[in-house]
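A.B. asks: To get the numbering used here, take the position in the sequence shown, counting from 1, and add 1.
Certain hints may be false.
Stated by the list, open to error - Computed beta-carbon distance windows for the label pairs:
no., residue 1, residue 2, range
1, Asn-101, Ile-18, 28 to 34 angstroms
2, Ser-13, Glu-70, 30 to 36 angstroms
3, Thr-22, Arg-65, 23 to 29 angstroms
4, Asp-23, Gly-81, 14 to 20 angstroms
5, Glu-10, Tyr-36, 21 to 27 angstroms
6, Ala-8, Asn-101, 24 to 30 angstroms
7, Gly-97, His-66, 30 to 36 angstroms
8, Ala-69, Gln-34, 18 to 24 angstroms
9, Val-15, Ala-69, 20 to 26 angstroms
10, Phe-42, Gly-20, 28 to 34 angstroms
11, Thr-16, Ser-73, 14 to 20 angstroms
These are calculated hints, taken from the structure and not from any lab test. Using N, Cα and C, we set each Cβ at its ideal position, and we do this for glycine too.
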Amino acid sequence: MSCMLLAVEVDSQVTTIEGLTDRSLDLRESFAQAYGFQCGFCTSGQIVRAEALFMRATPGSLHRHDVAEALSGNICRCTGYTQIVTAVELCARRRGLWANEDTP
Numbered sequence: 002m003s004c005m006l007l008a009v010e011v012d013s014q015v016t017t018i019e020g021l022t023d024r025s026l027d028l029r030e031s032f033a034q035a036y037g038f039q040c041g042f043c044t045s046g047q048i049v050r051a052e053a054l055f056m057r058a059t060p061g062s063l064h065r066h067d068v069a070e071a072l073s074g075n076i077c078r079c080t081g082y083t084q085i086v087t088a089v090e091l092c093a094r095r096r097g098l099w100a101n102e103d104t105p
């Protein structure tokens, strides 16, 4: 969002990557395992957006299209998004947020 909205325009609290601290450790590890890191330019934004998605999700509710939609505002020039979406999926599965494969 930092590219699309100035901080002074936000009428709320803004969480940055530094504000996530240990809460996102498993997500950062998933990014490393799925090779979601490349140049690193977009990584902080991707992780913050993924954590926001996780905070709104209920157990067993997330699908790939939810992740793609949540991350759609973040531009990545290196990975083509596949590894990033895979990293978020991996973490969501570990947290019990991923939908059962049989669920539409």
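A.B. asks: Check the following: the C-beta atoms of Asn-101 and Ile-18 are separated by a distance inside 28 to 34 angstroms.
C.D. replies: The hinted range 28 to 34 angstroms holds for Asn-101 and Ile-18, with Cβ atoms some 31 angstroms apart.
A.B. asks: With respect to the beta-carbon atoms only, verify the hint that Ser-13 and Glu-70 lie 30 to 36 angstroms apart.
C.D. replies: violated (21 angstroms)
A.B. asks: Is it true that the C-beta distance of Thr-22 to Arg-65 lies inside 23 to 29 angstroms, as the hint says?
C.D. replies: holds (28 angstroms)
A.B. asks: Would you say the C-beta atoms of Glu-10 and Tyr-36 sit inside 21 to 27 angstroms of each other?
C.D. replies: violated (35 angstroms)
A.B. asks: Against the range 28 to 34 angstroms, how does the distance between the Cβ atoms of Phe-42 and Gly-20 compare: consistent or not?
C.D. replies: Violated, at about 19 angstroms.
A.B. asks: Kindly confirm whether 24 to 30 angstroms is satisfied by the beta carbon distance between Ala-8 and Asn-101.
C.D. replies: violated (39 angstroms)
A.B. asks: Are Thr-16 and Ser-73 spaced within 14 to 20 angstroms by their CB atoms?
C.D. replies: holds (19 angstroms)
A.B. asks: Given the range 20 to 26 angstroms, decide if the beta-carbon distance of Val-15 to Ala-69 lies inside it.
C.D. replies: Since Val-15 and Ala-69 have Cβ atoms about 24 angstroms apart, the given range 20 to 26 angstroms holds.
A.B. asks: 18 to 24 angstroms was suggested as the range; check whether the CB atoms of Ala-69 and Gln-34 agree with it.
C.D. replies: Given a distance of about 19 angstroms, which is inside 18 to 24 angstroms, the answer is holds.
A.B. asks: Take the C-beta atom of Asp-23 and the C-beta atom of Gly-81, compute their distance, and say whether it sits inside 14 to 20 angstroms.
C.D. replies: The hinted range 14 to 20 angstroms is violated for Asp-23 and Gly-81, with Cβ atoms some 30 angstroms apart.
A.B. asks: Starting from the hint 30 to 36 angstroms, judge whether the C-beta atoms of Gly-97 and His-66 obey it.
C.D. replies: Once the Cβ atoms are compared, 19 angstroms apart, the range 30 to 36 angstroms for His-66 and Gly-97 is violated.
In terms of the numbered hints stated before, the structure departs from hints 2, 4, 5, 6, 7 and 10, listed from lowest to highest.
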